[in-house]
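Number of protein chains: 2
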Amino acid sequence: MTGVALPAPGLPMAVPQEGLPARVRIHEVGARDGLQNEKSTVPTEVKAEFIRRLAEAGLTTIEATSFVHPKWVPQLADAERLMPLVSGLGVRLPVLVPNERGLERALALGVREVAVFGSVTESFAKANLNRTVDESLAMFEPVVAKARQAGARVRGYLSMCFGDPWEGAVPVPQVVAVARRLADLGCQELSLGDTIGVATPGHVAALLTALGEAGLGPERLAVHFHDTYGQALANTLAALRHGVATVDASAGGLGGCPYARSATGNLATEDLVWMLNGLGIDTGVDLTRLTATSVWMAEQLGRPSPSRTVRALSHEESS
Amino acid sequence: MTGVALPAPGLPMAVPQEGLPARVRIHEVGARDGLQNEKSTVPTEVKAEFIRRLAEAGLTTIEATSFVHPKWVPQLADAERLMPLVSGLGVRLPVLVPNERGLERALALGVREVAVFGSVTESFAKANLNRTVDESLAMFEPVVAKARQAGARVRGYLSMCFGDPWEGAVPVPQVVAVARRLADLGCQELSLGDTIGVATPGHVAALLTALGEAGLGPERLAVHFHDTYGQALANTLAALRHGVATVDASAGGLGGCPYARSATGNLATEDLVWMLNGLGIDTGVDLTRLTATSVWMAEQLGRPSPSRTVRALSHEESS
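Chains A and B are the protein sequences, given in the same order. Residue numbers for the first sequence follow our numbering, beginning at 1 and rising by one. Residue numbers for the second sequence follow our numbering, beginning at 1 and rising by one.
In case anyone wonders, no lab produced these hints; they're calculated from the structure. Positions of the beta carbon are idealized from the N, C-alpha and C atoms, including for glycine. Among the clues, some could well be false.
Cβ pair distances, simulated, as ranges [said to hold, decoys possible]:
id, chain 1, residue 1, chain 2, residue 2, range
1, B, 173, A, 19, 19 to 29 angstroms
2, B, 41, A, 300, 34 to 44 angstroms
3, A, 168, B, 18, 17 to 27 angstroms
4, A, 173, B, 289, 29 to 39 angstroms
5, B, 8, A, 149, 37 to 47 angstroms
6, B, 180, A, 168, 24 to 34 angstroms
7, A, 5, B, 41, 31 to 41 angstroms
8, A, 16, B, 41, 43 to 53 angstroms
9, A, 138, B, 289, 41 to 51 angstroms
10, B, 243, A, 149, 33 to 43 angstroms
Stretch-level coverage of chain A by chain B, calculated; a stretch enters the list once three of its residues show a Cβ under 8 angstroms from a Cβ in chain B [to be verified]:
id, stretch
11, 3 to 11
12, 161 to 167
13, 195 to 202
14, 266 to 274
Starting from the given sequences, assemble the full structure and let the hints guide the process.
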């Protein structure tokens, strides 16, 4: 029997720091980003139960699935069956929509929040979307416009904001230009993705400063760090100092980028909550319940969580 | 065949930040702290080769072994045989000395730099040293005095500076009091240990501020973070902002605290070097050579490195 417990009462000790947000909204991506590359099919009821448990642990924004063509992401082919199972949870349930057809499917199910997934680099736009950056933005234009007309909230993902496996370091002005265009299309929130996990805190600060100078302040931004080189929390700390108060993370550290070399991908929500608890920053998340959820999901997937916090807090009890 | 290579040229991109040290000295603990709890005996020649390769990778301070009684740490019982094998490398080779007998053995071999290992909490002093904090400081007093008389440099380790598995959160004034006493005994450098890995950045900042007010500024301090909950690099960033320029780390993330719940322990030197490279902070370390060293050592120990950077940079080549 797996038990979950903090190492001792009162840990981590909460010591607030000046200049950081009082509250952070976690945009939980485990159910979509975390599962999309999973090889064996996860039953729809397991996905729904995962989302229910995440909501019970206190997460208020849970990216649920993607309305991409089933040919490209077979794991998420059950989007139509999943959404009705979770729509009554009282939390925000954004979904990914790659094109107008996907948007229509999502809106028909009553979805109120969607996201488009753009690339900052030509190499990744080609690899992931088989389009140039310009062509992909042209594809998103009617998607964002129609979503907004339907009253839906729209997030724009920017991938490869810091480095690209084919192009190396990505210049800051290149990221700012694509961010500005997604904002001008009507995306209300932009999520800055370090898709291969190569960012470091100074680079994060430089990008956020440049975006602010281009009229894209922290209230418009989310950060999406990968832990491939162990940098995700240090980068998150740099983003908090710049006022960013929306942070993407994946319960148990599920998922990652298939183009990154390592199996380690998304920042684990538990590692993030540990740091935010220690900084006295409110998230509304119950760390013990969240960790128990990730332990349960790891059992469904048949392999342990890569999250350091999940590993440390969960232990086999002799029963 | 295992190859080691950066994900793309120019990564991580170096983006310096104001207010951080220009250079950081890494105090490499893999050969001592990393190996001391290893169950199967590592041959002395393998330890010597590990230290040689660490020096060739650019590390300038490599904690080599401990002159503790072989009954307590059988893995390091070969200290007398190891030191002559590495003494000509031209790097600093500090060793742990638990008492006067250990100091005499070390000085007889020409050791120029020693460390004593103290505890901030009564519970850990009892568990690790079978003494009260006062009794352990009394034991260290003649050790530090004689080491200084012999012209040796002395480091004082403080363990459980942030939390303790028995006592929970550790009050900052309690850490300051023990630090002040170790400094007054004659320790020239104090290494602040987060032995169970529960610190977060605000707590780190609060402790460093309080130490500064007690006359122990960053030039006297090193930080020794564990990655049990994934917080080590974020905590390091907080320490760098306070001017600390000596950081303890373990190649490949070897070792950890047997009293912490998780197998993950010491901050991996590779993860640290990745961040410092990204911040444009000079360490003198060649990340590729260091990673290759950790891959080699993991092969000797028969299990993979827990370092995220080592895992991401090393990959099986089809040959």
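In ascending order, which of the hints set out earlier in this document are inconsistent with the structure? 6 and 10
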